[in-house]
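*Asks:* For reference, the chains in residue letters:
Number of protein chains: 2
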Amino acid sequence: MELTPDWIVGFTDGEGCFFVGVQKHPEMTAGFQVLPEFVVVQHERDIQILYALKRFFGCGVVRRNHGDRFAYRVRKLECLERVIQFFEKHPLKTKKNVDFRKFRRIVMMMREGRHLDKDGLIEILSMARTMNTGQRPKLEEVLKLLKAG
Amino acid sequence: MELTPDWIVGFTDGEGCFFVGVQKHPEMTAGFQVLPEFVVVQHERDIQILYALKRFFGCGVVRRNHGDRFAYRVRKLECLERVIQFFEKHPLKTKKNVDFRKFRRIVMMMREGRHLDKDGLIEILSMARTMNTGQRPKLEEVLKLLKAG
Chain A
1 MELTPDWIVG FTDGEGCFFV GVQKHPEMTA GFQVLPEFVV VQHERDIQIL
51 YALKRFFGCG VVRRNHGDRF AYRVRKLECL ERVIQFFEKH PLKTKKNVDF
101 RKFRRIVMMM REGRHLDKDG LIEILSMART MNTGQRPKLE EVLKLLKAG
Chain B
1 MELTPDWIVG FTDGEGCFFV GVQKHPEMTA GFQVLPEFVV VQHERDIQIL
51 YALKRFFGCG VVRRNHGDRF AYRVRKLECL ERVIQFFEKH PLKTKKNVDF
101 RKFRRIVMMM REGRHLDKDG LIEILSMART MNTGQRPKLE EVLKLLKAG
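Chains as they are written, first to last, in the numbering used here: chain A, 1 to 149; chain B, 1 to 149.
Careful, some of the hints might be misleading.
In this list, chains with the same sequence are indistinguishable; a pair is considered to hold if it fits within one copy or across any two.
Said to hold, decoys possible - Restricting the straight-line Cα-Cα distance to at most 27 Å, the calculated cross-link-like pairs of lysine-lysine (DSS-like) are:
{"hint": "1", "residue 1": "Lys-89", "residue 2": "Lys-54"}
{"hint": "2", "residue 1": "Lys-54", "residue 2": "Lys-95"}
{"hint": "3", "residue 1": "Lys-144", "residue 2": "Lys-24"}
{"hint": "4", "residue 1": "Lys-147", "residue 2": "Lys-102"}
{"hint": "5", "residue 1": "Lys-76", "residue 2": "Lys-102"}
In short, the hints are calculated from the structure, not lab data. All values derive from a computational prediction rather than experimental measurement.
Excised from the complex, chain A in its bound form (with noise of 0.2 Å):
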């Protein structure tokens, strides 16, 4: 199957999600690590467009994400910016844009080291809390832990 970059804009504007995780990481020197990811998620009856984005992108991985859905996963850094530059050519219609630049900001901050002290770690979780649909509890107890301490 052959994609193309509008359709992927499109399909993207619909079913990608450009998320921030945090999670523990005791040998990291705030406490905490990031882990920004572009995620398109599908019933198995489609996984082969899954396989087609990989194709396209370069990178990637599809796994089974639960029960009968799987999941394009990018999570290296490389790959990622390999994705960030697609949508900066290939603009988003949606308001997904929104969180697209977002996402780019945090990834750049992310190479320029920023997610390692704690105050670059705090602007990036605080600009990550108000993407997607901005529930992210745990997120706000880590960004609490990270002021209080």
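Chain A is already provided as a structure; the job is to place chain B on it using the hints.
*Replies:* Leaving out everything else, chain B in the frame of chain A:
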């Protein structure tokens, strides 16, 4: 906002729905009315996408769906035919294309007036029950009634 055909295909692969409803209608010979529709639902923050689709197809309506969600909805047969022609020329890439082909068949049968007699109606609803998730208790009930009567 300018939409391209490929973007519309990708977005519909993600967010579009080809749905065939049925409702009681005492004035119809078979007692029931078939209601095919093409629908795209979005959160109100992306209502401009729905209006752009309406402009692109030159017909259909944008209305509140429920809560903070709005829908672009095409129900008129002549407008559905325009939508169908578009997706014949620019095929969907996901398995939604299977639903689309059933939908097209149903709209063609309606053009031939096949929904007006009981046998045609049974054929149409038997096809509709296999579309989308396939969870259609009301439709199953109507089919049982028609086959018994």
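*Asks:* Now tell me if each hint is right for this structure.
*Replies:* Tested hints:
1. In this homomeric assembly, Lys-89 and Lys-54 come within 27 Å of each other (Cα to Cα) both inside a single copy, at 18 Å, and across copies, at 26 Å.
2. In this assembly of identical chains, the alpha carbons of Lys-54 and Lys-95 lie at most 27 Å apart whether taken from the same copy (24 Å) or from different copies (18 Å).
3. Taking CA atoms no more than 27 Å apart as the test, Lys-144 paired with Lys-24 passes inside one copy only; the shortest distance there is 14 Å, against 57 Å between copies.
4. Within a single copy, Lys-147 and Lys-102 get their C-alpha atoms as close as 21 Å, which meets the 27 Å cut-off; across copies the closest is 57 Å, which misses it.
5. Taking the shortest Cα distances, Lys-76 and Lys-102 sit within 27 Å of each other inside one copy (17 Å), while across copies they are farther apart (41 Å).
Checked against the numbered hints above, the structure violates none of them.
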